[in-house]
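Asks: As a plain string of letters, each chain reads:
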Amino acid sequence: MRNVYGWLLLTPAAILLIGFTHYPAVATLYDSFFSTGTVVRPSRFVGLANYAALADDPIFWQVLRNNLYFAAATIPTSIAIAMLMAIWVNDRLPARALVRMSYFTPTILPMVAVANLWLFFYTPQIGLIDKFGALFGAASHNWLGDPSTVLACLAVMTVWKEAGFFMIFYLAALQSLPPEIEEAAKIEGASRWYFFRRVTFPLLMPTTLFVLVNATINSFKLVDHLFILTKGGPDNASNLLLYYIYQVAFSFFETSYASTLTVVLLAMLAAMAIVQFLLIEKRVHYR
Amino acid sequence: MRVLDRELPLLETAAAWLLAILWVAPLAYAFWAAFHPAAMATHFDLFGPLTLDNFRKAWTYAPFPRHFLNTVILVTMVLAAQLVLCTLAGFAFARFDFAGRNIAFGLVLVQLMVMPEVLIVENYITMSKLGLVDTILGIGLPYMASAFGIFLMRQTFKTIPRELEDAARVEGCSMMGVLWRVYVPLARPTYLAYALVSVSYHWNNFLWPLIITNSVNTRPLTVGLAIFGAPESGVDWAVISAGTLMAVSPLLVAFLLFQRQFMQSFMQAGIK
Amino acid sequence: MRKVLAAFAAALIGFAQAAWADTEITFYYPIAVGGPLTKVIDGYAAEFEKANPGVKVKPIYAGNYDDARIKALAALKAGQPAQISVLFSIDIYELLEQDVIMAWDDVATTAEDKAWLKSFYPALMMNGTYKGKAYGIPFQRSTIVMYWNKDAFKEAGLDPEKAPANWNEMTQMAGKLVKKDASGNVQRWGVMVPSTGYAYWMFQAFARQNGQDLMNRDGNKTNYDHPDVIAALQYWRDLGAKHKVMPEGTVEWGTLRQAFTEGKTAIMWHTTGNLTAVKGTAKFPFGVAMLPASKQRGSPTGGGNFYLFKKTTPEERKAALAFVKFMTAPERAADWSMATGYVGISPASYDTPKLKAYAAEFPPAVVARDQFQYATPELSTFQTGRVRKLLDDAIQASLTGQKQPADALKGAQAEAEKLLKPYR
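Residue numbers (my numbering), protein chains in the order written: chain A, 409 to 695; chain B, -5 to 266; chain C, 1474 to 1897.
Don't take every hint at face value.
[Claimed, not checked] Each pair of labels, with its calculated beta carbon distance range:
id, chain 1, residue 1, chain 2, residue 2, range
1, C, T1583, B, Y195, 33 to 43 Å
2, A, A675, B, R182, 34 to 44 Å
3, A, L617, B, L180, 42 to 52 Å
4, A, I426, B, D91, 15 to 25 Å
5, A, A560, B, F252, 32 to 42 Å
6, B, L180, A, P484, 52 to 62 Å
7, B, T45, C, G1648, 31 to 41 Å
8, B, L246, C, K1891, 15 to 25 Å
9, B, T45, A, G597, 33 to 43 Å
10, C, P1826, B, W53, 29 to 39 Å
Think of the hints as simulated: they come from the structure by calculation, not from any bench. All of these numbers come straight from a predicted model, not from anything done at the bench. A virtual CB, placed ideally from N, CA and C, is assigned to each residue, including glycine.
Here chain A stands alone, though its shape is the one from the complex (with noise of 0.2 Å):
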């Protein structure tokens, strides 16, 4: 019975998660191995093609290059500067309500709106940081126009868009820790670098594992922005693996090199899921 009762509570859930989850996951990697059907050309069975296509194609790699650059670029950054803001937060300053909403006020707008508002400060002459740079006299840079420092640029916007997000879950962590050790501290004569290396710091660490998980994860699938602000330009030099799949499939109509594309993309993301359920059996336990 318990069984019976148990099943029909989980199935209206589980038809939508398999639905759209595990299905669609199994199917790209079946479609993978097909050609694009048109109406001419019909699909084919073409065995490994799309993936010996997927080893040649120089777009591809470079696509993977940019998503672990912009990985490497905006992780570290995010979760640096969303520590230093919880933990200035976490203690007294004048106006410490306005200064912490500030933080997180960035997280809570639309991706779409957040790359209007900086395709002006990025544009060239006409925009805020090429105005503000004229006044010390700095020459005007093509910032989006440039290869070598457009994807600086997406990551610098990723990385205002996210730290407060993260923010929040190490002020959430700095709230719980026992005061004790603070005081403790304090009647030692601890250094607040040294408190924070030696303390603070390593008992942060299961929040951070959890933020950067969930950092890595934005990193691949987050690619809003780059529909306003370069369309992946110039010459690919700021495209990410989840817009390329997006243009293969609804530019060029290449439904299963899509799928070749989406099946790596799903590898990743499954190394990045042991990781993650690791942590979360972890938490469970802690409970």
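Got chain A sorted already, so can you dock chains B and C onto it with the hints?
Replies: Then chains B and C, alone, in the frame of chain A:
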């Protein structure tokens, strides 16, 4: 929140403030540009004339009321479905020892990683088979069974003492009665936290709605805004800023009014 | 009995009328230029409905050209109604390959209809014609023109009424137009040509001016690696890298208009679609001219055509034809051109009193028309999305100094060959 007794050192206070200013600058700029004549979007003059013209233009250039309505329908529909589905599934995982529970739970957690954004290609095919392309239901459907929500509800229900359930049972409550009378009321804070997170997620979601919608009647605000502000359309910055502010204002105002609840919700949701 | 029959007949007629009344034309339309154009289109649709009772026109505004194509095709695939669409003129091969469009020749069968098909500028029909049949009817068509800031010309000691007529002149004049501040930072550039969004389109102008087209008429062979094409890209790149009259790297399509009206560049190449917006925001006198020549003048046409989808009933086709004829009538074409800056699509539209008066008062309005004799169709091939992106990437790689123009274009040509071989 805990009472704080430590003062931040002066230098760090200054740094914290500087960072805060940096962090609000983009939004502040949007306000500046939106309330000043278009020509001033790139020329700063503290005493420039204020105007509401940009808002008027943005309002007439794009069907914002319709986009607002679509977003509200979407967010409400997704949240309502999520609350029901996640409650039932979370309850099953928390209180029923059915065969295959652990495997099923593992399969649910897969969605924490493989979010619908990643599966746009296949999900689009599914939606067109179901005839749900360009419907608000089509935007929301992949998100309704939320692994995050199921996980959250399971954890919450697990903390509720069995004795309460047993007491209700003695009084003759059915299984669903117990869920409705005992578990759901006690999980209220979790529901609130989850609701805020879900609403802000779907208010801001873009990629999937972009792909699955193709008309004004279904497009949510984010997609409307992207089309409105697309560089191709060469609309003035001032007008784009005004449109952007309009799109974010409901959430922003709600956040400013209830910022404590918002942050606590995100915190709670994250810790779980 | 007769009564019954009469009633039956009446019912049938009523039914037929009801069926006619049910004819609904779903019309996908991309919004791609500034301004509240949807209102204009809605206005035309309402006007048409009034003149043609029983036909309903339902415009669906689908974003930019890419979005509109994606959406319209998706709708067709999903079995949703879509009878006509304004889509990129260059989407023709894609649409043919998907087998979703039909030729207007097959619907426009009366003598009057046939004359209508011949009433447009031939340069505008090139992109819409395949194997002698017209699949695309020009509607919102544009071309590239050169905008110049007369005040900047005056300031640089140049004749403010004379735009550069060839590449050499443009390089020299642009050199004089560059303005630097005391510390050597550029305050105003000489010329800007946008290289995001529609880089291939701008490049077609350079290539055509250097005597080359980038693809053949059957859409199955590209010409990316011709020495003159490479030289054209080299010139574009040199404007930034060697002559220092244009910013290095790519120039953003979307913000260029603002840069021009803010006086940050003295000359810009841009679509005629921006004319009305520039006119509205520039605070200095500006001129519009044909693009300069190298071996010859040249500019691609661009913009959107009306396509008719195959999955339509005869009634719908008839109604669609009526609607498109209505939309492209000289009076409306003139009106549309004035509202948007798009070119008038037929000689007759320029003969309307409205547009004549407008051109007299605002001469730039006819520059595009005069440039038609040098026009070339916009880049369009089978596999057009990929083939186009190959060129876009090659251009951007050259402009940003990642690759030499020759290497970039040869690489793109080799890839394009692979894609297009099956279509020969």
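Asks: Just tell me: holds or violated, for the beta carbon distance of A675/A and R182/B against 34 to 44 Å?
Replies: holds (40 Å)
Asks: Using the C-beta atoms of T45/B and G1648/C, is the stated range 31 to 41 Å upheld?
Replies: Since the Cβ atoms of T45/B and G1648/C sit about 40 Å apart, the hinted range of 31 to 41 Å holds.
Asks: Does the Cβ-Cβ separation between L180/B and P484/A fall within 52 to 62 Å?
Replies: At 40 Å between Cβs, range violated.
Asks: Kindly confirm whether 33 to 43 Å is satisfied by the beta carbon distance between T45/B and G597/A.
Replies: violated (58 Å)
Asks: Does the Cβ distance between A560/A and F252/B fall inside 32 to 42 Å?
Replies: At 35 Å between Cβs, range holds.
Asks: When you take the CB atoms of L246/B and K1891/C, is the distance between them in 15 to 25 Å?
Replies: violated (50 Å)
Asks: Within 33 to 43 Å: is that where the Cβ-Cβ distance between T1583/C and Y195/B falls?
Replies: violated (57 Å)
Asks: Could you see if the CB distance from L617/A to L180/B stays within 42 to 52 Å?
Replies: violated (30 Å)
Asks: How does the Cβ-Cβ distance of I426/A and D91/B compare with 15 to 25 Å: does it lie in that range?
Replies: Given about 22 Å between the Cβ atoms, the range holds.
Asks: Confirm or reject the claim that P1826/C and W53/B have a C-beta distance inside 29 to 39 Å.
Replies: holds (35 Å)
Violated hints, in rising order: 1, 3, 6, 8, 9; the structure is consistent with all others.
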